[in-house]
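**Student:** So the chains spell out like this:
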Amino acid sequence: AQSVTQLGSHVSVSEGALVLLRCNYSSSVPPYLFWYVQYPNQGLQLLLKYTSAATLVKGINGFEAEFKKSETSFHLTKPSAHMSDAAEYFCAVSDPFGNEKLTFGTGTRLTIIP
Amino acid sequence: EAGVTQFPSHSVIEKGQTVTLRCDPISGHDNLYWYRRVMGKEIKFLLHFVKESKQDESGMPNNRFLAERTGGTYSTLKVQPAELEDSGVYFCASSQERKGLGEQYFGPGTRLTVT
Chain A
1 AQSVTQLGSH VSVSEGALVL LRCNYSSSVP PYLFWYVQYP NQGLQLLLKY TSAATLVKGI
61 NGFEAEFKKS ETSFHLTKPS AHMSDAAEYF CAVSDPFGNE KLTFGTGTRL TIIP
Chain B
1001 EAGVTQFPSH SVIEKGQTVT LRCDPISGHD NLYWYRRVMG KEIKFLLHFV KESKQDESGM
1061 PNNRFLAERT GGTYSTLKVQ PAELEDSGVY FCASSQERKG LGEQYFGPGT RLTVT
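Going line by line, the protein sequences match chains A and B.
Residues in the first sequence are numbered consecutively from 1, following the numbering used here.
Residues in the second sequence are numbered consecutively from 1001, following the numbering used here.
These are computed hints drawn from the structure, not numbers from a lab.
There's no promise every hint is true.
[What the hints assert, rightly or not] Negatives, chain A to chain B, calculated, CB over 10 Å:
#	residue
1	N41
2	A86
3	T106
4	G107
[Stated by the list, open to error] Beta-carbon label-pair distances, calculated as ranges:
#	chain 1	residue 1	chain 2	residue 2	range
5	A	I113	B	T1005	32 to 38 Å
6	B	Y1074	A	T5	31 to 37 Å
7	B	K1015	A	E15	23 to 29 Å
Cβ coordinates follow ideal geometry from the N, Cα and C atoms, glycine included.
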């Protein structure tokens, strides 16, 4: 069975500050990992994904995440927050050898302080 | 290219009534998924279609939920009879590739409220 833990249901950062959203996973097999973002009244949009290639993954809108097997983590970062980054962020895991279904964390709502 | 669309965007029904949610995937996507998010909790997998066949329905809560995918195109999710705990946001997603490599494209969701 797989699971995802996102620490912090709400995170606030000042505009221009570092964004760090935490994600830890549990999986019996090497997983595929994803970060999705949901803006108000929209569907989830893929930010980036790790599928066993490079451990540092770059995504859209300046976000990146690093897969750390020893820490079972896949934290999402962005060097400088922008007001448009305000949204809810979801970390997810899938089993590359099984079904393609995604197992999600509970989400982190990011607020940007002007 | 049109994205994944879902109808309706909101639905408010009384306990015991029936509701049917519809999802139109991106054209050409064989994989179609349904997920649900109950308020404050994680988004949970319900089921997965490959074309018109149910590949995995392990996440369906009970037999009050019935999903179909006619001709491998659009899908419907019927809840009959609805209970209070069925309230939440129902997401549909579609993808083209297998084995987790393909991005799942999500629709905006249907917010279901059972009163």
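**Student:** Look at each hint and say if it fits the structure.
**Tutor:** Hints, verified against the model:
The claim that N41/A lies off the interface is violated: its Cβ sits roughly 7 Å from the closest Cβ of chain B, which falls inside the 10 Å cut-off. Every Cβ of chain B is farther than 10 Å from the Cβ of A86/A; the closest lies at roughly 18 Å, confirming the non-interface assignment. Here T106/A does not stay apart from chain B, with its beta-carbon only about 5 Å from theirs, under the 10 Å limit. Residue placement check: G107/A does not keep its beta carbon more than 10 Å from all beta carbons of chain B (closest about 7 Å).
Here the CB-CB span from I113/A to T1005/B is close to 35 Å, well matched to the stated 32 to 38 Å. Distance hint check for Y1074/B and T5/A: the Cβ-Cβ separation is about 35 Å, which falls inside the suggested range of 31 to 37 Å. The supplied range of 23 to 29 Å is broken by K1015/B and E15/A, whose beta-carbon atoms lie about 45 Å from each other.
In summary, the numbered hints that this structure violates are 1, 3, 4, 7.
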